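J.: Sequence:
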Amino acid sequence: MNENTELKTIGYTPFNYSADRALFRVNGGVPIQEALERASDLLHLAHRLAEDAAFEKSTDRYAWAAHFLLEMSKAVIDDVVKVITPRPAAESKKKSEAQ
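Mind the numbering: the sequence shown is residues 1 to 99 in full-length UniProt numbering, read in order.
Note that these hints are calculated values from the structure, not bench results.
All of these numbers come straight from a predicted model, not from anything done at the bench.
Hints should not be assumed to be uniformly reliable.
Simulated pairs of lysine to aspartate or glutamate, EDC-like, Cα-Cα distance not exceeding 20 Å [claimed, not checked]:
{"no.": "1", "residue 1": "Lys74", "residue 2": "Asp41"}
{"no.": "2", "residue 1": "Lys8", "residue 2": "Asp78"}
{"no.": "3", "residue 1": "Lys82", "residue 2": "Glu71"}
{"no.": "4", "residue 1": "Lys74", "residue 2": "Asp20"}
{"no.": "5", "residue 1": "Lys8", "residue 2": "Glu34"}
{"no.": "6", "residue 1": "Lys74", "residue 2": "Glu34"}
{"no.": "7", "residue 1": "Lys74", "residue 2": "Glu37"}
{"no.": "8", "residue 1": "Lys74", "residue 2": "Glu51"}
{"no.": "9", "residue 1": "Lys8", "residue 2": "Glu37"}
{"no.": "10", "residue 1": "Lys8", "residue 2": "Asp41"}
Required output: the full structure, derived from the provided sequences and hints.
T.: Okay, structure coming up:
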């Protein structure tokens, strides 16, 4: 697949809110394969931290770290899903009529 046709993140999905405003957002223009690889890395780290938190006393810092890593991972995956999910038929019809 060449660079021009490679699917990329759209940069629409926010995460980590503060007073109803997104503090962070997935960046647009990242190739989907790379975005999913990073999400996998984040999920792996979250899994390990959650595992440590489950077996150790006084490890709330691990639980919070896992929480934020999971939130970031979910945002990346949600952004990718928005790119690869077909648009509803009504939107496609309007677009083809406009052409």
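J.: Compare the structure with each hint and give your call.
T.: Hints, verified against the model:
1. Lys74 to Asp41: Holds: Lys74 and Asp41 sit about 12 Å apart, inside 20 Å.
2. Lys8 to Asp78: holds, 13 Å
3. Lys82 to Glu71: holds, 17 Å
4. Lys74 to Asp20: Within the cut-off at roughly 18 Å; holds.
5. Lys8 to Glu34: holds, 9 Å
6. Lys74 to Glu34: holds, 15 Å
7. Lys74 to Glu37: The hint holds at about 13 Å.
8. Lys74 to Glu51: Holds, at roughly 19 Å.
9. Lys8 to Glu37: Since the Cα atoms of Lys8 and Glu37 sit roughly 13 Å apart, the hinted pair holds (cutoff 20 Å).
10. Lys8 to Asp41: holds, 18 Å
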